[in-house]
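Whole structure, please, built from the sequences with the hints as guidance.
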Amino acid sequence: MSAQATAVRTGTAVREAVATARQSWTDSATAAGVAVGLAVIAPFVLGGLIANDSLASGAYLALAATGLGLCVGLAGVPSLAQGAFVGTGAFVAAHVLRDTQLPAELCALIGAIAAAGLGTAAGFAVRSLDSVRVAVGTWLLTWLVALALGALPWLSGGAQGLVVPTRRLFGLNPTPLVHYELGVVLTGLCALGLVALRRGPFGLDLAAASQHRGAAAALGVPMERLRVAAFAASAFVGGLAGGLAVQLDIVADPTAYGPLLSFELLVAVLVGGAAAAFGPSVGVIVLGLISLAARALGALAGVSASRFQPMLEALLLLAVLTTGGYAFVPAAIRAARRFRPAPPRASRRTAAAAPPSRRETLRAHDLAKHFGAVSAVDGVSLELQPRTVTALVGPNGSGKTTVLRLLSGALPPDDGAIYLGRQELTSLTTAERVRAGLVRTLQSRPFFGELSVFEHALVGTNRTRRYGGTVRTLVSTPLFRAENRIAEAHAFAALETVGLAREADRPASELTGSGRERLMIAAALATNPAVLLVDEPSAGAAPEDLELLKAIFTRLKTDGLAILLVEHNLAFVRAVADQVLALELGRVASREPNPRL
Amino acid sequence: MSLAVQVVFTGLSAGGVYGLVAIGYSLLYRLTGIVYFALGDLIGLGAFVTLLVAAGTQPLTQETVSGGRMALAILAGIAVCVTVGAGGYFAVVQPYIGRSAIGWVAATLALGFAIHAVLDAAFSRPAYVFPDPIPFRRVGNDGLVTILGAQIHVRAFAVIGVAVVVAAVSSWVLQRTWFGRSLRAIADDADGAAVVGISVERTRALAFGLAGAIAALAVVVAAPSAPFETGSGTLLGLKGLVAAVLVRFGGLWSAFAAGLALGVVEAALGTGLLGHASGLAAYRELIPLLVAIVLLAFRPLRAREVVE
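These protein sequence lines are chains F and E, in that order.
When we follow my numbering, the leftmost residue of the first sequence carries the number 1, and every step to the right adds one.
When we follow my numbering, the leftmost residue of the second sequence carries the number 598, and every step to the right adds one.
Hints listed in this document are in silico derivations from the structure and should not be mistaken for laboratory results.
Please read these numbers as outputs of a predicted model, since none were measured by experiment.
Do not take every clue at face value.
To give an idea of the chain F side of the interface with chain E (calculated C-beta under 7 Å), a few residues [unchecked claim]:
| # | residue |
| --- | --- |
| 1 | R133 |
| 2 | L140 |
| 3 | A151 |
| 4 | P310 |
| 5 | L317 |
| 6 | L321 |
Heads up, incomplete: computed chain E residues facing chain F, CB under 7 Å, no partners named [to be verified]:
| # | residue |
| --- | --- |
| 7 | A704 |
| 8 | A711 |
| 9 | D717 |
| 10 | A879 |
| 11 | A889 |
C-beta: ideal position from N, C-alpha, C; glycine also.
Written out as structure tokens, the structure is:
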């Protein structure tokens, strides 16, 4: 390819990127830009009011808190280990600085990588745990690192800590001012990254998984992998903050990275607003104001200020929590919206093109599952062909839902095999089965409380993406943006199929029960499945909703999908099913074509 | 041999306190599905209120406190523990039950740090000597007896005894009284318990108060053996949590046994019973913590598991 052609293509890509950026530019982006600008000039304006080294410590604290925001705000995971990650970064960087002649930035980076290693291990340990155990486990980890620093002099340099040699930072004399500006720039970058990730596939998947694990798993969200990634990334940022802060402090203090630091970082995130990218930074500023207040209180009472600071922080956190979690940044955004409502989004779905449909037959042979002595499913075989609706009926406890869970990968079968076309699915995870073209909806009509109707469908399309990785999301590559447009069109098409296109921008929590049922069918359709498994769609549906559902299933059938319905409503079964399988005590009792047909 | 005896008694007396804290964590977890991160600081609060009533914040010699005043002090400490613990339930636990975990995690931690900060502000010296509720110095050789060649503090027996008695009484209350039956009913099914007329909130609140108080009682007996710091309660909370995790927040006696075992293991690692005294002693707190983290990651908790 000639250099000229490359230049032209690069130029086009840049123009496109600028255009996309301009489209997505919002008031909050302006506000964030102004905030970063103010932060950059703060030391010159505040001149002497607050010492530069306090400002610099604050900037690194904000960086660590922004990293924690990834775990708490994006993934909804109560991580109490951020202090441990900051400490790991600090001490590893301190050792590397002392023992080698490597440049300062590289030492901080090595600290960050070590912290990311610990974060990956921690994330791996808690990858599939409920939030109680995540909280307890990360709390124990914070104590483990704090006690290790206290008990192991070879690690921490004993009570005096490690004295760290100072080296030039990016060619500059490492004054507190340089550290401060570096901290602000890194925090800004990290917050920008958070914004990009939140809007991208990674953020949507994490949000879905944190709001309903089961439903996210059914849509093939690889929750465990995402959680490990979130922990690793948040530990990396925390470790980087630690590795740089230790060079600002000149001494690595083994008592500085204990549970109190983890708690303070959590306070910053929750007080500032976990969901907003700049929330943690605002939280750190609030903590700074608190430390001023604590100093004043301490002077009044004649005690050291450090004794009041945790108390004021705790009280502030309790106040924020008891007022329903109205953190500072979200509250400010809400107030601003009242004066200047957000402009309606430009319609992004002109061509509601459906994805190319996949047509495959699902075959299951002799599936068996025992729970202790009870045999829930005992030798069930079935075949789901394209363009057919198969209904699975039977009394409660006959094993209908267990069959569904075996097929979708939520439960491993004791015996039997499952094939989609020629591909064997038996040992694949739910996420892999969804990518292969087999998806399921849950019975209890769960939904992702804080996502919009459209975002629900987008979570489904994430399974069909090839260029939605974290790096591509962060730098918004042309491929990523092109794929975005396709994914949005497909998500919109799925909503149209179930009659929710007009509700696309509403929060899912505003939908009726039947609306939520159709919403999760749409999210499942957005994964572009060959086979759709639906658990009791008619439960609690009003007569007009039933008509709607019948129309949907008839349309999906003509589109070529193979559908399995678990259903109690026999009238509904008669109206839509081509084939009826009756289960009794885990066995197929009868297998008949629908008498209506 | 004498070293082993020494380790067992020191370990059991530390472990008795850990065990009572672990009982508290387990019980509260089963009642509400949350881990009460403020429990350790609550215990510290009970101990320091006892100290305040017995001797004020001034330095004291162990003989300056009369028996009557000491009894009053212990009662005051327990009363404050129950009040703050129960109040804490309404303030930092009840609003968040069944909602996002970040709420109760942050709120219970905040309560713990707030209590710790109050103690720090009121008791500003690095460490305090606690008055002795029972004058052990008059027993044996200045409070020491020799068993199988090992010098054991008489107090160790008292602490072990108090811990076992408190655990036994708790077990009896849990099994035999109306209050205990209500607690077990709530732990099994809170909604069902409410339907049959148990006042769920009040019962839970009382349990949150008592959980701290029973451990504080043992702390007051154990505290005079070493300098006590404002952070000592926090650390006890951590040890109790480790013990509770080891038995997956299980039954009362298994939590207590885990606490005892943790105490003995720490003592064994710390005194070099397992060889290489200098090498392992530094790791005596780290090893159990690491084991607890690993177990937590790879074993499910009892009940209250999310099933989809």
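A quick look at each hint next to the structure:
For F:R133, the suggested interface contact is upheld, since its CB lies about 6 Å from the closest CB of chain E, less than 7 Å. Hint on F:L140 holds. Least Cβ distance to chain E is approximately 5 Å, under the 7 Å limit. The beta carbon of F:A151 is positioned within 7 Å of a beta carbon in chain E (closest approach about 5 Å), and the interface hint is therefore held. Interface restraint check for F:P310: the shortest CB-CB distance to chain E comes to about 4 Å, inside 7 Å, so the restraint holds.
For the restraint placing F:L317 at the interface with chain E, the shortest Cβ-Cβ distance is roughly 5 Å, inside the 7 Å limit, so the hint holds. Residue-level restraint check for F:L321 holds (minimum Cβ-Cβ distance to chain E is 5 Å; threshold 7 Å). This hint holds: E:A704 has a C-beta 5 Å from the nearest C-beta of chain F, less than the 7 Å allowed. Because the beta carbon of E:A711 sits about 4 Å from the nearest beta carbon in chain F, less than 7 Å, this interface hint is met.
Annotation: interface hint on E:D717 holds; nearest CB of chain F at approximately 4 Å, less than 7 Å. Because the closest C-beta pair between E:A879 and chain F is about 5 Å apart, less than 7 Å, the hint holds. A least Cβ separation of about 6 Å between E:A889 and chain F falls short of the 7 Å threshold, and the interface hint therefore holds.
Checked against the numbered hints above, the structure violates none of them.
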